[in-house]
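The task is simple: from the sequences and hints, build the whole structure.
If you're matching them up, the sequences are chains A, B and C in order. Number 41 in my numbering belongs to position 41 of the first sequence; there are no gaps in the numbering. Throughout, my numbering is defined as the position within the second sequence, counted from one, plus 210. Throughout, my numbering is defined as the position within the third sequence, counted from one, plus 420.
What you were told as hints is all true, and nothing was included just to trick you.
Partial list, derived from the structure: chain B residues whose beta carbon lies under 10 Å from chain A:
id, residue
1, Arg234
2, Met235
3, Met257
4, Gly260
5, Tyr262
6, Pro263
7, Val267
8, Pro270
9, Ile343
Simulated DEER-style distance windows between Cβ atoms:
id, chain 1, residue 1, chain 2, residue 2, range
10, C, Thr528, B, Trp286, 50 to 56 Å
11, C, Val423, B, His322, 21 to 27 Å
12, C, Gln502, A, Asn136, 29 to 35 Å
13, C, Leu590, A, Gly55, 33 to 39 Å
Because the hints were derived from the structure by calculation, they are not lab data. Backbone N, C-alpha and C define an ideal beta-carbon position, used for all residues, glycine too.
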Amino acid sequence: MHVIYLVAIAAEAASGALMGMRRRMDLFGLCVVGTVTALGGGSVRDMILGHYPLGWVAHPEYLLFTVGASVAAALWARRLHQLKRAFLLMDALGLVAFTVIGCNIAATTEVHIAVVVLMGMITGVFGGLLRDILCNQVPLVLRRDLYATVSLVTGMLYVALLELGASVNLATSMAILIGFSMRLIAIRFSLALPVLEADLSSFEEENEKR
Amino acid sequence: MHVIYLVAIAAEAASGALMGMRRRMDLFGLCVVGTVTALGGGSVRDMILGHYPLGWVAHPEYLLFTVGASVAAALWARRLHQLKRAFLLMDALGLVAFTVIGCNIAATTEVHIAVVVLMGMITGVFGGLLRDILCNQVPLVLRRDLYATVSLVTGMLYVALLELGASVNLATSMAILIGFSMRLIAIRFSLALPVLEADLSSFEEENEKR
Amino acid sequence: MHVIYLVAIAAEAASGALMGMRRRMDLFGLCVVGTVTALGGGSVRDMILGHYPLGWVAHPEYLLFTVGASVAAALWARRLHQLKRAFLLMDALGLVAFTVIGCNIAATTEVHIAVVVLMGMITGVFGGLLRDILCNQVPLVLRRDLYATVSLVTGMLYVALLELGASVNLATSMAILIGFSMRLIAIRFSLALPVLEADLSSFEEENEKR
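The structure is reproduced here in structure tokens:
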């Protein structure tokens with residue numbers, strides 16, 4: 001599990017650093033965006049729960065890891081581009097691993113089971129959301145794609161298995177396996193949630209005047 | 211008061227979902243933006259004060275409500291557009307109700323009276339501010355309009371009435387009534403704070419170089 | 421030290437207010453952006469550490485100061501523009517002073533020494549980062565310039581001097597003096613970290629589809 005977690009952190013940091021490169025950030029900026037992408041979801045979760053100390057405050061060695069992954073991604077950006085399939089796989093693994101870890105930590109704080117699932121999802125997707133805010137774009141995760149949904153289903157499955165009496169190991173393996181497969185299927189077939197359309201132009205006008 | 215609070219949450223969630231629609235977000239995105247708009251102000255207040263657990267963590271049923279309101283707003287977007295006056299009324303009610311609730315919660319934490327008023331304002335306006343950050347635009351509330359000012363006056367009035375010995379019920383009713391009227395007058399006559407203008411182009415240049 | 425801190429807060433608030441003016445914000449918006457720029461770095465630090473109450477919650481008189489500095493900066497924007505050298509000096513002083521103060525506060529919370537340095541940097545640069553998010557632009561501090569690096573070196577120097585047995589006064593003076601000089605040299609000679617370049621267009625395309 002720890003290895004999966006490190007792979008997940010590296011994948012997230014790399015995705016942040018690459019996004020930062022496209023915004024022409026300097027080396028420091030790449031490292032900040034990479035680190036925020038990798039550790040931001042868990043940090044938001046812990047600050048919402050009041051669960052101190054934050055993971056990377058207690059274990060600052062993770063920061064070396066995210067900075068290293070960010071720099072490596074920047075240096076090998078051209079190669080990563082050729083490896084984009086491997087990259088998508090790592091990112092998908094990261095999503096489900098972060099979700100399960102997030103559920104686990106939330107479960108230690110005696111919150112309602114729905115909040116446990118939600119905290120898993122926040123751990124899984126808020127890093128990418130913060131990355132996109134730093135890069136000044138509407139967060140990808142809000143726009144399309146079965147990405148957050150995969151995280152939600154993974155978390156629900158994990159929590160349900162635990163409730164049904166499964167061991168943590170079994171629940172973790174099952175949730176990661178099924179969540180990961182869902183994500184791969186979503187990528188392969190370009191599955192996405194619907195985007196509702198409506199002519200809102202005149203509403204917008206009114207609102208703009210507000 | 212509880213009914214007013216639910217109306218306020220629904221109005222805020224709907225405004226978030228509609229803004230998300232204009233950014234062509236998918237269903238998940240609409241629900242996130244709606245929920246953040248409705249519950250974000252109170253969450254920021256509680257995280258600033260270290261006041262745990264957050265409201266929606268203790269009462270996750272509010273999340274069902276914000277998600278429901280977001281989906282409903284998206285489905286009936288065309289109709290809401292025709293109902294924009296009702297919508298502005300609900301939003302105005304939400305602003306003052308959130309402000310009073312925020313003041314109340316801050317008052318339980320033994321902070322300075324000025325911080326109580328400020329926390330009311332943060333509760334009232336930060337949801338919309340986070341909504342605009344997620345939608346990648348300069349927050350409306352910072353740009354024009356007697357909106358935050360209404361929240362500020364409502365909070366000051368509420369706190370002053372309590373200090374003068376008024377009952378919570380009386381102070382709440384008076385503050386909401388007067389704040390709501392102020393907001394309606396501001397909408398009706400398009401009142402706004404001044405925007406200072408200056409030729410900053412050469413300053414900007416220098417700063418860009420920074 | 422207290423005087424330096426107030427100068428630093430005023431400089432940061434002014435930089436926020438001026439940035440807000442360029443986004444055509446109203447008076448309220450200028451004050452919010454100014455205040456967030458001045459106090460946001462320390463607030464993020466304290467919320468990450470779970471270090472309550474936040475500085476300005478315990479001492480709300482700082483808010484009067486940031487609001488005053490924001491309004492003053494807006495009124496005298498044209499003059500500030502002529503004073504841009506003084507402004508850059510104040511901003512540089514603010515950066516290093518915030519860094520040292522941030523390290524000091526983090527050091528009281530028994531975190532790893534690397535986290536102390538990092539908290540100094542967050543105190544120094546996150547105000548400007550939040551300012552740029554509110555103003556809907558990619559944060560300047562992530563894009564170029566020896567700015568965050570100066571903060572990092574200042575914090576490392578300060579912490580190292582304390583570890584070597586120097587008094588707080590000596591460490592503070594030395595760190596501020598050397599950090600301030602570094603920043604002035606960086607401005608004078610336009611020193612900056614490298615920006616890595618790569619043709620990421622096809623990677624981007626893939627990612628957009630994600």
